Amino acid sequence: MTDGTPREAPAAKARGKYAPVRLPESEILRRGLDTFAELGYAATTMRELARRLGVSHNFIHERYGSKDDFWRAVVDFGLQDGQPALDRLLADCHDAEERLRAVIVHLYRLAANDSAMNRLLTDESTRDSSRLDYLHQQFIKPFWDSIEPTVSSLMAAGRIPRVPAHILYFAVTGPALALAQDPIADRLSPDVRPTAQHDRTAMADALSAVVLHGLLPPHA
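Just so you know, UniProt numbering puts the end of the sequence shown at 220, numbered straight through with nothing missing.
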């Protein structure tokens, strides 16, 4: 996920005999992200990627090396600004409660406004794979390490329950992942559908308010 500011990736050099494609690198990776998010890794074939990119079926192999290498390039593109933006946000907060509130609001807004990356993360988090290892080492662990001192401080103060790390991780990130579930949201609230056309930031803020009321209830 990014901080919402478009960022042009440098053009990749074509390898072998194939000439560069007329798409900017960021568009190639964005279309790849949309495809992996929609179909899942296993069902995303090289032929389907080529069709959606409008290129030769050898293009991915020639430019990126393999489907797995392309998937990693797509993930790096989608999440490239996430941790730096979070680090800047944490640095601007003054206490643990403010930091946790800011993190949850920030995370939910990113999730609501980048449904493709949200869906990819949701799908890969259910599968024990080398792709999940990559996501964990490159993005999930750095994210959690950056907020762990905040969480520990709030546990020590009795503001949030003492539970294993994975339980608290689910409590914080689970609702964010659910923001990609527009089809069920439309069925649960048919009077306000289609969800995808709503103000996604407002929806994220409404959800973060509910979650924060449970995690950090007002002081007595």
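Mixed in with the good hints, there may be bad ones.
Unchecked claim - If you anchor each label on the Cβ, the simulated ranges turn out as follows:
#1 GLN137 - ALA85: 17 to 27 angstroms
#2 ASP199 - ASP92: 23 to 33 angstroms
#3 GLN137 - LEU177: 42 to 52 angstroms
#4 THR45 - THR126: 32 to 42 angstroms
#5 ALA206 - GLN138: 28 to 38 angstroms
#6 ALA196 - GLY174: 28 to 38 angstroms
#7 ILE167 - THR45: 35 to 45 angstroms
Treat the hints as calculated values from the structure; they're not laboratory data.
Predicted model only: the values in this text are computed from it and were never measured.
Just so you know, even glycine gets a beta-carbon here, dropped at the ideal spot from N, CA and C.
#### Entry: Structure versus earlier hints, numbers of those that do not hold, lowest first
3, 4 and 6
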